[in-house]
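Student: The listed protein sequences derive, respectively, from chains A and B.
The numbers in the working numbering rise by one with no breaks, and the one at position 102 of the first sequence is 102.
The numbers in the working numbering rise by one with no breaks, and the one at position 36 of the second sequence is 36.
Certain hints may be false.
Just some of the chain A residues that point at chain B, by a computed CB distance under 8 Å [as the list claims (entries may be wrong)]:
id : residue
1  : Leu-11
2  : Phe-12
3  : Val-19
4  : Asp-38
5  : Gln-41
6  : Gly-42
7  : Ile-60
8  : Glu-62
9  : Gly-63
In silico contact screen, one side only, chain A against chain B (beta carbon under 7 Å); selected entries [to be verified]:
id : residue
10 : Tyr-10
11 : Asp-30
12 : Leu-43
13 : Gly-103
14 : Gly-108
15 : Glu-109
16 : Leu-116
Using 35 Å as the maximum straight-line C-alpha spacing, the simulated DSBU-like pairs for lysine-lysine come out as follows [claimed, not checked]:
id : chain 1 : residue 1 : chain 2 : residue 2
17 : A       : Lys-14    : A       : Lys-83
18 : A       : Lys-57    : B       : Lys-3
19 : A       : Lys-14    : B       : Lys-52
20 : B       : Lys-3     : A       : Lys-9
Honestly, the hints are just simulated from the structure, not real lab data.
Here a beta-carbon is modelled for each residue, glycine too, at the ideal position from N, C-alpha and C.
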Amino acid sequence: DGGITQSPKYLFRKEGQNVTLSCEQNLNHDAMYWYRQDPGQGLRLIYYSQIVNDFQKGDIAEGYSVSREKKESFPLTVTSAQKNPTAFYLCASRERERGGLPGELFFGEGSRLTVL
Amino acid sequence: DAKTTQPPSMDCAEGRAANLPCNHSTISGNEYVYWYRQIHSQGPQYIIHGLKNNETNEMASLIITEDRKSSTLILPHATLRDTAVYYCIARGLYGGATNKLIFGTGTLLAVQP
């Protein structure tokens, strides 16, 4: 079945280590997104990509990096520069806009990162 | 994009209709209202969207007031599995380079047995 797969579901890391979260989709969607969610809060946009080999910073990009070498994949690296990396990370994708109206977002199941 | 305001939490009895309000008093004419929900520790799920007419699908109904300053998401027969955080989002056409949806804190709907 088509969908978005995030891995790992749970991840523990020591301070000062970089970690990469995987996001793969087989929906043939052009646009992909990374959000961060902290307890009791809404989703905040980290990075997004509207097409292969292109990506843009979201609202809280500092301390994160991404790549979009393939349409299906949009990995997120949480670097040691991110001061508060412990959070729930969500990847999403959607089709290109049609007639100006954005299609629905499809989300993965999320990755919970804990820094020890 | 217009800012939306939702109550932080609501309760609903199982089997009854759940009516979730959303205020978007600054919405502009070309902005749609979207609803998503997020079950605990999962990714959000699209429910429905609309512009000015009422909309219904297999999951819910969306009622938008005539002046479009507020809307209500209706789950006609709430079940325990509908317990989730519900997000109301206003999003315009041609969102520009960002092409993104902005998620607030939503409403935590607790369906009681």
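Student: Going through the numbered hints above, which ones does this structure break? Give me the numbers in ascending order.
Tutor: Structure breaks hints 1, 2, 3, 4, 7, 8, 9, 10, 11, 13, 16, 19.
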